[in-house]
Structures are given as structure tokens and as C-alpha cells.
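With chain A fixed as given, assemble chain B with the ligands onto it according to the hints.
Read off the chains here:
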Amino acid sequence: MKSTFATLPQVAHREPVRIRLRQCARTFAGRQGQHTALHPLDLAVEPGETLVLLGPSGCGKTTTLRIISGLEQPDAGGEVWFGDEQVTHLPIEKRDVGMVFQNYALFPNMNVAANIGYGLKIRGYSAEVIRQRTGEMVDMVHLQGLEQRAIHELSGGQKQRVALARAMAVQPRVLLFDEPLAALDAKLRDRLRIDIGQLLRQLGITAVYVTHDQAEAMALGDRIAVMEKGRIAQLGTPQQIYHQPATAFVADFIGTVNRFAILGRGQGSLQVTGGGLPSDYQGDASLLYCRPEDVRICTDDEPVAVRGRVIQRFFLGQSQRLLVDTGAAEPLQVDSSSRQHWQVGDAISLSVPADALFAITGNQTQPHAGEKAESAAGSST
Amino acid sequence: MSQSLLTTGGQPASRAAPSAQARRHHGKWLAHWALAPALAFFLAFWLLPFVQLMVMGAGADSSSGEPGYWAVLTHRQYLFSLLVTVLLSLAVAVLAVVIAAICGCFLARNHFFGRSLLLSMLTFPLAFPGVVVGFLVIMLGGRQGLSAQLGQLLASERWTFAYSLTGLFIGYLYFSIPRVIMTVMAACEKLDTSLEEAARSLGANSWRVIADVLIPGIRPALISTGAICFATSMGAFGTAFTLGTRINVVPMAIYGEFTNYANFAMSAALSVLLGAVTWLALAMARRLSADASLGGA
Ligand SMILES: Nc1ncnc2c1ncn2[C@@H]1O[C@H](COP(=O)(O)OP(=O)(O)OP(=O)(O)O)[C@@H](O)[C@H]1O
Ligand SMILES: [Mg+2]
Numbered sequence: 001m002k003s004t005f006a007t008l009p010q011v012a013h014r015e016p017v018r019i020r021l022r023q024c025a026r027t028f029a030g031r032q033g034q035h036t037a038l039h040p041l042d043l044a045v046e047p048g049e050t051l052v053l054l055g056p057s058g059c060g061k062t063t064t065l066r067i068i069s070g071l072e073q074p075d076a077g078g079e080v081w082f083g084d085e086q087v088t089h090l091p092i093e094k095r096d097v098g099m100v101f102q103n104y105a106l107f108p109n110m111n112v113a114a115n116i117g118y119g120l121k122i123r124g125y126s127a128e129v130i131r132q133r134t135g136e137m138v139d140m141v142h143l144q145g146l147e148q149r150a151i152h153e154l155s156g157g158q159k160q161r162v163a164l165a166r167a168m169a170v171q172p173r174v175l176l177f178d179e180p181l182a183a184l185d186a187k188l189r190d191r192l193r194i195d196i197g198q199l200l201r202q203l204g205i206t207a208v209y210v211t212h213d214q215a216e217a218m219a220l221g222d223r224i225a226v227m228e229k230g231r232i233a234q235l236g237t238p239q240q241i242y243h244q245p246a247t248a249f250v251a252d253f254i255g256t257v258n259r260f261a262i263l264g265r266g267q268g269s270l271q272v273t274g275g276g277l278p279s280d281y282q283g284d285a286s287l288l289y290c291r292p293e294d295v296r297i298c299t300d301d302e303p304v305a306v307r308g309r310v311i312q313r314f315f316l317g318q319s320q321r322l323l324v325d326t327g328a329a330e331p332l333q334v335d336s337s338s339r340q341h342w343q344v345g346d347a348i349s350l351s352v353p354a355d356a357l358f359a360i361t362g363n364q365t366q367p368h369a370g371e372k373a374e375s376a377a378g379s380s381t
Numbered sequence: 001m002s003q004s005l006l007t008t009g010g011q012p013a014s015r016a017a018p019s020a021q022a023r024r025h026h027g028k029w030l031a032h033w034a035l036a037p038a039l040a041f042f043l044a045f046w047l048l049p050f051v052q053l054m055v056m057g058a059g060a061d062s063s064s065g066e067p068g069y070w071a072v073l074t075h076r077q078y079l080f081s082l083l084v085t086v087l088l089s090l091a092v093a094v095l096a097v098v099i100a101a102i103c104g105c106f107l108a109r110n111h112f113f114g115r116s117l118l119l120s121m122l123t124f125p126l127a128f129p130g131v132v133v134g135f136l137v138i139m140l141g142g143r144q145g146l147s148a149q150l151g152q153l154l155a156s157e158r159w160t161f162a163y164s165l166t167g168l169f170i171g172y173l174y175f176s177i178p179r180v181i182m183t184v185m186a187a188c189e190k191l192d193t194s195l196e197e198a199a200r201s202l203g204a205n206s207w208r209v210i211a212d213v214l215i216p217g218i219r220p221a222l223i224s225t226g227a228i229c230f231a232t233s234m235g236a237f238g239t240a241f242t243l244g245t246r247i248n249v250v251p252m253a254i255y256g257e258f259t260n261y262a263n264f265a266m267s268a269a270l271s272v273l274l275g276a277v278t279w280l281a282l283a284m285a286r287r288l289s290a291d292a293s294l295g296g297a
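Chain order of the listed sequences is A and B.
Residue numbering for the first sequence follows our numbering, beginning at 1 and increasing consecutively.
Residue numbering for the second sequence follows our numbering, beginning at 1 and increasing consecutively.
Just chain A, same shape as in the assembly (with noise of 0.2 Å):
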């Protein structure tokens, strides 16, 4: 999809400036006692990425976001940096960052040029250069002819770019996004998904995008941290998240995981609950994960192979996801071409390439063979 945003003004002249939080946790007093949000947390938010901060409801997104921008304090010890600058004191009116809300939080009582030239207005301009800026920023959103439109007269989609443009129009040093697409049905999400990464990208200003949308977050993030109960358990690319996960929550959080118990070691085999898979794994992990797409359908007469019978089928459109009974205690979840017929109770036979094998062990990540890391990182969608 082509974006629909035009050619951008001269915006982000700014050099883009680094984040960095240093032990920043933050405990709530509530009434049964202390509530820990956040535990410390050390981040660097290079200058010019976009961190897309992923987790479950809770775990501490919006706490962190919060802390950014200064609406919220971390508790003593903790520190934010703006590149050389400590702004850990600093009240959010003076750390100059944008924000864009899940519920818009546009000003009713504005118009839309109103509510875009909110800031720049603040900052004392004239109304020459206000009238300049925001009909610049009416532009970059694909707003135009809506400039006197009243706030309640506007479609969600249109809302949420009026907001992206008020928070873009005072060039702020870092933007900040807290779920902005949650209240938005999935059509109008991907488009808005797709704008704001081309505009991210072009920009080149340091932003941090919370979501709990997986999808969003592998197409947005330059980096992902993902959080677990007010801790990050892993910060990486969006593909060392999904093929080297370092603990078993990230795999499972994002996208789908099978699991292999190792029953024992052959040849250049691994033994498991209803076959074998080709590999020289030497690791001491106990059990190999592997992605639905990673699994291969395969004829009956190779060699080693898992086999089982599809207890499942679901058409997905573009590939079908089979559940396959091997005797484990959970089937196995294989994707296929959408073309191919399968029945329930049809017995199948699968096998697994040795490099899209993984194990996870705790906190840190093993390649199934140490000379294979970049190829896993690197391999299949």
C-alpha cells in the first residue's frame, strides 16, 4: 500500500537525540501495600530509532512511556537522559517531547487548525507562522480542506492524524505513542500503520511506540523491547524477537511456538515424541522450539520425520494452520500452502530444517549450533 502521507516539509531539521533511562523503577502505593510497576530498568533509545515497546496488558508500558515524558517520576535513583541533558526533573512541558494518545485527546473546543497549532501558539509565534506551519502539517496528514472542521466532526482515522500532526508541528525532540491505533478498526489501523512508519522513517526523529499489537510492533519497530511484569525480557530487531527469543514468554507472546521434548540423540538425529528430527544439536537443552512456518510437510518415506494425524484444519486464506496429533501432550502447529487438501485424520509426515531449530535457555539464547546464529536470525519469511 502506498503511503498516503505527501512529500514532507522541512520538519525534522533537529539533530534526533538519544534516550536513555538509567534504574528507573516505579512503585505505586495502593491499599493492600506497595505495587511494583516497573522494576529498574536500564534503556537506550538510539538517536533517530523507533523503539516499539510490546507486552501483555500491565506489564508496564505505558509506566515506562510516562516516565519519558516526564508525567511520570521513577523512584528515587532513577534517571532520564536526553542525550547530555538529565531531564529526570524536568516537568513534560519543558522536555519538549509529542505525544499521541489511544483516544486522541484533541482539545473539543478547537478546530482541527486550532488543535494543530496548539503548540507552536504556546511557544508565542505569530499567527503568520502558525498559519504557515499548520497548513504544512494539514498537508503531511492529508487533511486538507478539514482545517475548520470542529473536532466531533471528524472520523477516528482523521482524528488520530490530526493529533500526530499537532504533536509533529512543534518539532519536538523525541515522539512518543501510547497505543495510538487500539480505537481504530483494523482497515483504518494498517493504513495509519503504514503512514506513521514511512513518516518515522523519514523524519528521522527518536520515537517510542507502545503497543500490545505484535503485527504493529514488527512493522514499526527498528527495535523491539518486549516486557514481561514491569521488566524487559528481550530487546532486539524485530527478527532477533521472533527467531531467537531469549526466554519462553517471547516466543509465546509473539507469533506461535512448537515444542519438542528431546527423548535422545542419534546420528545426526534428535529422538522425539513420534519420530525423529535431522539435526547434530549438542546442546544440554532439554527441549527445541521451532515456528508453524518453519515445520515442512514431507513424503512418507524420509528417513526422520515426526509422525502424526491432523486433528484440525483452518483455512486462513493465504495458508492453512493444520494441528497435528504426535502423541505429545500438545499438537504440533503446522502452516501449509491453502492449496493443499488436507482431512481430519489424514496421517502426515514432517520434518523441521535443523536451523530453524531453537532452544531457549532462561535469559539467553542458543542457536541450536553455534555457526548457525546468523542463519537463523536471518532465514525463512
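Simulated from the structure, these hints should not be mistaken for laboratory data.
None of these values were measured; they are calculated from a predicted model.
Note that CB positions come from ideal geometry on N, CA and C, so glycine has one too.
One thing to keep in mind: the hints can contain errors.
To be verified - Which chain A residues face chain B? A few, computed with CB under 7 Å, are given here:
#1 MET99
#2 ALA105
#3 TYR118
#4 ILE122
#5 SER126
Chain B with the ligands only, in chain A's frame:
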């Protein structure tokens, strides 16, 4: 509800639908008939006396012999009373809204030790009749009141204000402020905090946030509660009666004409005019706050 259940069944449903419709129609009529006694009650106890009052107001004023309404509008004494009442109520409404808006927003946004105690004390005067409020003003600014004693101490003269316009003003404020605070607090709590956060992220300091987000946000509440304050002050009787002020506010004038002079036409005319002014104020406020809540600025 019942219809959607019926239509899911295909063939039989299409036959059942008209009867359901008929039943609904029947139900509507039944509801109308059930309303009839309530309507009759309303007519008898509200509309009839009111119409009679309006007619009575057109009767001859016992002192001048002119029709009541005409007499009110042409005699300085009555006109002055009407004017003072309107101005006093207006001033009370405006000041009460200003004070209560500040306190209400503060209380809505800040949680501190003793807050709930303060809140329950604030609502305390809501239960007081005007007489009690009058007492309180006398204790504050009467001949033996706190202010008189303080004046005696400092300047050897008794400072009294209870029986003047100031006394009335303070008394009216006293019972108005708690009402407004409650409304403002509710409006403030309903306000979307992310609006404030957005304004701050764009560089707005606290004053700008108040001017650009908070006040526009609670404007409908301020207007409507201000109008109710105005209406209550227009009709307040107990406080004025207790203070026995020389200034004849309209409710006192009505009472005087009615009980002292048996001047029914005049008291009826005054009542109708008092009601009309108040009704107008409330109607205007409704219009204004409807505009404000639409956000058309
Ligand atoms: N103001 C607050 N007072 C008390 N607890 C809070 C407060 N804000 C957040 N928390 C708690 O901190 C934890 C993290 O909250 P946070 O809002 O950061 O989660 P989140 O990852 O953004 O979740 P979601 O996806 O639901 O928005 C939650 O358990 C939440 O209940
Ligand atoms: Mg959140």
C-alpha cells in the same frame, strides 16, 4: 427484544410478527391510559393554581387600584425590589461559581489527609433551612456577633453587617457554594486527564492548562450550576426573613403584601414576575451550556 426472538424462526416468525406489533401498539395505549391519572393529578395540583395565580396578578392592586402587573412595573418600590433581588442573585451566582470552581477543581484533583472529612463538612450546609443560615450570619455579623466583638476590641466600635445587603449576600453565598462545589467536582472528575497531558506535552504551563482545557471542559457544568444558584437565591426566603433586612427582596415583598396587607393581586403579580425572571435565566443557561458542551467555539 421479543420481536427479535420471534423473527429468528423464519416462516412462523413472519406470521407471529404482526401480532407482536399489535401487542406493542396495545401496550402503548395502555401506557397512555396509565399516565392519565398522573396527568390529571399534575393538572389539578400544579397547573390550576398556577393559572389562577396568573389571573389574580392581573387584578386590581389594593393601594393604587391599577392591575397588579402594571403596578409592579410602574412603582419604584416594587421595581427596586425586583432589581435588587436580580442583582443580588446574579452576584451570588457569579461569586459562588468562581469560588467553588477553584475549590472544586482543587478537591477533585488533589488527595490529601482529611479530604473526605472536609468534603462531608462542605456538604453539611446543604441540609440547613434558610433560617439556620440566617442565624449563622447573625452570629458572624450581628450586634453580638464575632465581627462586632472583634471591632470592639480593635476599634471600639461594633462592626455589624448581618442586617444589611452584605449579610444577605454572605448568607446566600453560604448555601450556594456547597452545591456548586459538588457539581464542579463531578464535572472535573469526568474530564479526560489525557487532554491536560496533551496540552502540557505541547508546552502549556498550569495556567494555560486551566484556561485552555479545564475551564472549557467544565463550562457547561459551571453555567448550569450557576443558573441554579441564581434561581435558588431569587426565591430564598428564610435567610432574608431571619435577618429582617430593610431591603425588601421579592420573596419578602410577596410575603408582606400577602400577610400584612392582604394585597393578593400584588403578591400574585410579584410571584409570577419572580417566576418568569428565574425561568428565563434557567432557559438561557440551558441554551448556553448546550452550546458549550458541543464544543462549538
Ligand atoms: N497511577 C497508578 N496507580 C497505581 N497503579 C498503577 C498506576 N498506573 C499504573 N499502575 C499499575 O502499574 C502496572 C503497569 O501499568 P501500565 O499502565 O504501565 O501497563 P501497560 O503495560 O501500559 O498496560 P495496558 O496494555 O493495559 O495499557 C499495572 O499493574 C497497573 O495496575
Ligand atoms: Mg498502557
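A quick look at each hint next to the structure:
1. MET99: Result: holds, 4 Å to nearest chain B Cβ.
2. ALA105: Interface hint status for ALA105(A): holds (4 Å vs cutoff 7 Å).
3. TYR118: Given a least distance of 6 Å, the restraint on TYR118(A) holds.
4. ILE122: Where the cut-off is 7 Å and the nearest Cβ of chain B is about 4 Å from ILE122(A), the hint holds.
5. SER126: violated (16 Å)
Hint compliance for this structure: hint 5 is the single one not met.
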